[in-house]
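> Here the protein sequences come in this chain order: A and B.
The first sequence begins at 1 in my numbering and counts up one residue at a time.
The second sequence begins at 1 in my numbering and counts up one residue at a time.
Because the hints were derived from the structure by calculation, they are not lab data.
Treat the hints with care, since some could be wrong.
[Said to hold, decoys possible] Have a look at the derived ranges for each label pair, beta carbon to beta carbon: (1) B:K15 with A:A361: 28 to 38 Å; (2) B:S278 with A:E295: 20 to 30 Å; (3) B:A30 with A:A349: 37 to 47 Å.
[Unchecked claim] List time: in silico DSBU-like cross-link candidates among lysine-lysine, alpha-carbon distance up to 30 Å: (4) B:K228 with B:K140; (5) B:K180 with A:K249; (6) B:K309 with A:K249; (7) B:K7 with B:K309; (8) A:K106 with A:K60.
[What the hints assert, rightly or not] Some chain B residues close to chain A (C-beta under 8 Å, calculated; not the full set): (9) V198; (10) R300; (11) N379; (12) I380.
Here a beta-carbon is modelled for each residue, glycine too, at the ideal position from N, C-alpha and C.
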Amino acid sequence: VNFGLSEEQELLQSTVHRFLEDHWSPQRRRVFFDGSSGKDAELWRGMAELGLVGLLVEEKAGGAGLELLDLALVAEILGRFAAPGPFLGHSLATLALSLGGSEAQKERWLPALASGEAIATLALVEPGGGWDPLEWGASLSPAGAGLRISGEKLHVPDAEIADLFVVGVTGGGLALVERASDGVRVEANEGIDRTRRVGRVGFEGAVANLLPGGNEAAPRVRDAGLVLLAADAFGGASRCVELAVEYAKTRVQFGVTIGHFQAVKHQLANMAVEIEPARSLYWYAAHAYDHLPAEFERHAALAKAHLTDRFMQIARDTVETHGGIGFTWECDVQIWYKRAMFDRAFLGAPAVHRERAARLAGW
Amino acid sequence: MDLRYSKEYEEYRRKVREFLKAHWPPSGEAAKGSLAEQAARFRTLAISQGYVARSIPRAYGGSEQPPDVLKAVIIAEEFGRAHAPGDVRGIGASMLVPTLLDHGREDQKQRFIPPTISGEMQWCQGYSEPGSGSDLASLKTRAEVIDGEWVVNGQKIWTSGAQVAHHMFCLCRTEPDAPKHAGISYLLIDMKSPGIDVRPLRQMTGTADFNEVFLTNVRVPIENIVGKRGEGWTVSRSTLKHERNMIGDAAGSRALFEGLLRLARETKRNGKRAIDDSDVRQQLATIEGYVLSHQYSGYRQLTQAARGKDAGIAGMMNKLTSTNIGHSIAKLALDLLGDEGLVAPDNERMMGLPPRGHAGWVTQNMWSLGVAIAGGSANIQRNVIAERGLGLPRDFAAQRESSR
């Protein structure tokens, strides 16, 4: 029994940490956050060079062939630095292709996705619909030897820069649609999280390529996504606690730094106690994906619900610790606050996953 | 990360099971006498196999095994399953023995450790006083040397088990002119000494698990000091750490949560099983998020210990996390009880055991507060986490004291 990271995993985290320290400065993050483009090709190339964009892809297709825990450990550090997409959508779309794609589909796409040359994303939720595979309504119709897809998808991460969409279709399957196809319309949305932009994608008879194993892959990809969001939430919440502690050590009122006051100290201690033990919950859930399949689904649901709720509350507390400045656009705390809102809502709200967890436990 | 046990450990588990199957519950000769006598015989056997008192040197009656967190977990699991008597619990084994191993003289170790780990000698803790709770170092119970003996005068409070204990480990002020932390000594006091008056303290639960202990001219042999004069505060620090670990155990939170699930299955809300109610399900799943985090954080801390690393801030959080979970469970349990929450508490229930029946849950509701206060209150835990864990400035009062 060993509930700890390997040396390689610790190295992976410290490598990503160092990379972001060097290449994702607060100034650069701020320019991205305030800017309109929503992309940073240079950072993506850097991540690709480190092998982070194809971490789960099999080695023969140019990936690193690692496990979900490794990917989640990277997601934690990205969350800590509030690093921009397209990591989340790309990782999940690539996973969908790895799990549910035909050999031909994998050969066609995986090498380019693993190297980061092509960017993929997930298009799941629809107007009035939900994140569960059975709630998807995009429809496929035969056209000659192939299929065409019609429907509308919302909150598609990095839709504007994606080359390939993995689209949830009626009956809970998944289909590939190339950005370049006729009948694909992408519209940028004002999303809450300006570090991870989302878009609306309309499909009007675009050529679609069904993943043969899509129905089995879809819930698994969704649950892997829950773990990545939980990991992101852990990284973001931990960073919020640090920001609040740093501020409490420097802000002076009544002649002393506010960290002297027990009201502030206790709030900070409570924030730390809310998040630190939950690190192990996301580790366990991620580990279960590869090693404890019977426990995975339920742990993914509970980890997502628990950690994203904790992140939201801690981000709120962090604004409060900062006082008036914390409420301004200028203060960086809002960046994590909005990441918390994204993590909490994306792929389904905590209450949805708690109900799933209850059902899966046979309650 | 690997949550399976290797072959070596699976083999070890098999050996432990075989041992338990052969010896507990006892049969034939071994089954003679009282349960306590049977348990004592079994423990001696278990020590000889290295299953009990593993961290205690053989010279003091232990089995002196190299530290192995996994074996310890296996033993705890298997002994628990078989309801076999393992390591003696209680404050003597968990707090006094580690203190003596760290700070005691050879003769003290010889005299006190063997009977304590076998369960023959029971202890109580003389720390808190009416005026010294969270600010323990302000304690006033005095010990002076008169005619070659310590003479102790003062009052201790919240003393669990004082009515049955053979000895008390006691913090006394021996250097009244020294700064407060430097004026304390750690004395071992025989509870049969003349001048000791134990009075039970009735709690809100209706039972009396605590006592007040009045000490009037109690004479204590001069050699019954652990460490040097004025070093008692330092000597006692390791024990407090041990107690936090003891109360912070995540297995207790898990067991309590399992009990809560049973209660939700047995009780009704709006005409159907409470566990079918969506609000109850949400609350249960919310609490389980905390329980699982606590459990797995415990696994992580065990792994860190096995790798020789300090648990860091996570280790400081265990008690507060257990306390928080206990509060949430108490609140939901009371909601689930509904009218049954009108019943009087079950006085058979003891601190630390899973609740039985509705009245047991009424008791748990109150005991969750006892846990929040005992062994360093929740607000003191928050200070520790903030100051030692997050590096925030120390309390004004503490600063004034230490700069004096």
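> Could you run down the list of hints and mark each one as holding or not?
Results for each hint:
Hint check: K15 of chain B to A361 of chain A, Cβ distance near 34 Å, so the stated range 28 to 38 Å holds. The hinted range of 20 to 30 Å is satisfied by S278 of chain B and E295 of chain A, whose Cβ atoms lie roughly 24 Å apart. Between A30 of chain B and A349 of chain A the beta carbon distance is about 59 Å. The supplied range of 37 to 47 Å is therefore violated. Of the supplied pair hints, the one linking K228 of chain B and K140 of chain B holds, its CA atoms being roughly 18 Å apart against a limit of 30 Å.
Using a Cα cut-off of 30 Å, the hinted pair K180 of chain B and K249 of chain A holds, with the two alpha carbons roughly 28 Å apart. Distance hint between K309 of chain B and K249 of chain A is fulfilled; the C-alpha atoms sit about 28 Å from each other, no more than 30 Å. With a C-alpha separation of about 25 Å, the suggested pair K7 of chain B and K309 of chain B falls inside the 30 Å cut-off, and the hint holds. Using a Cα cut-off of 30 Å, the hinted pair K106 of chain A and K60 of chain A holds, with the two alpha carbons roughly 11 Å apart.
Proximity of V198 of chain B to chain A is violated relative to the hint, the smallest CB-CB distance being about 36 Å (cut-off 8 Å). Below 8 Å, beta-carbon pairs count as interface contacts, and R300 of chain B has one with chain A at about 5 Å; its hint therefore holds. For N379 of chain B, the suggested interface contact is upheld, since its CB lies about 7 Å from the closest CB of chain A, less than 8 Å. For I380 of chain B, the interface hint is violated, the least distance from its beta-carbon to any beta-carbon of chain A being 11 Å, above 8 Å.
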